[in-house]
Amino acid sequence: MSVAKTKLELVQKLLCNISENCQRVSELLSGGISEDEVRARIGRVLTAVPQNADDDAGSGNVIEGVFNGQCMIGPDGKQYNMPSNYASKSKLVEGDILKLTITPAGKFIYKQIGPIERTRVVGALVAGENAEYYVENDGVKWKVLTASVTYFKGRHGDEVVILVPKHGESTWAAVENIMSGNL
Numbered sequence: 033m034s035v036a037k038t039k040l041e042l043v044q045k046l047l048c049n050i051s052e053n054c055q056r057v058s059e060l061l062s063g064g065i066s067e068d069e070v071r072a073r074i075g076r077v078l079t080a081v082p083q084n085a086d087d088d089a090g091s092g093n094v095i096e097g098v099f100n101g102q103c104m105i106g107p108d109g110k111q112y113n114m115p116s117n118y119a120s121k122s123k124l125v126e127g128d129i130l131k132l133t134i135t136p137a138g139k140f141i142y143k144q145i146g147p148i149e150r151t152r153v154v155g156a157l158v159a160g161e162n163a164e165y166y167v168e169n170d171g172v173k174w175k176v177l178t179a180s181v182t183y184f185k186g187r188h189g190d191e192v193v194i195l196v197p198k199h200g201e202s203t204w205a206a207v208e209n210i211m212s213g214n215l
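Under the working numbering, the first residue of the sequence shown carries the number 33, and numbering increases by one thereafter.
None of these hints come from the bench; they were simulated from the model.
Heads up, a few of these hints could be off.
What the hints assert, rightly or not - What follows is a list of derived Cβ distance ranges for each label pair:
hint : residue 1 : residue 2 : range
1    : Gly92     : Glu168    : 40 to 48 angstroms
2    : Ala163    : Tyr118    : 15 to 23 angstroms
3    : Tyr183    : Lys139    : 41 to 49 angstroms
4    : Asp108    : Gln144    : 14 to 22 angstroms
5    : Ile145    : Ala179    : 33 to 41 angstroms
6    : Val172    : Asn113    : 21 to 29 angstroms
7    : Glu161    : Ser51     : 36 to 44 angstroms
8    : Asn117    : Ala159    : 17 to 25 angstroms
9    : Asn169    : Lys139    : 19 to 27 angstroms
10   : Thr182    : Thr203    : 18 to 26 angstroms
11   : Gly189    : Phe140    : 16 to 24 angstroms
Computed from a predicted model, the values in this text were never measured in an experiment.
Glycine is no exception: its CB is placed at the ideal position from the N, C-alpha and C atoms.
Sequences and hints are given; from them, build the entire structure.
Following this line, the structure appears as structure tokens:
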């Protein structure tokens, strides 16, 4: 089998996984399934993600999970907190597949291994209660990380370009850019 054919087959499998993952994320976000089914589906999604060849075997505990907008959810349903500046800088979107390596020294190292398909939306920045921020477009609101807003020096009413999953609904969005000045 040629290298080109092998690559094509791998790309086809990855596209199939992405499509299935988008459907699963949409189902998870719709709230129409039980907590037990959520855990089972997250476990199935994670077993479908191919392991990277550059993994450092034996360098710590490796856990794969799904980004929920603020943290990583492991296959057992456990939440793993993530620095908001990493999520902001990496422009992580709900549904992205992540790998967490916990080193023997206890250091957490995150890596994005399965980004979902994204789309850009332009909206207005809204400052909510308790220093929370939202982006609103046509009556739809997405939560955004405060770290992203402060990095771009965003203010209430600024125009914001966000990234959201291309398929399905999401609660959170990743800030791509903020243009100062009201819409």
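(request) Please write out, lowest number first, the hints stated earlier that are contradicted by the structure. (result) Going through the list in order, the structure violates hints 3, 5, 9, 11 and respects the others.
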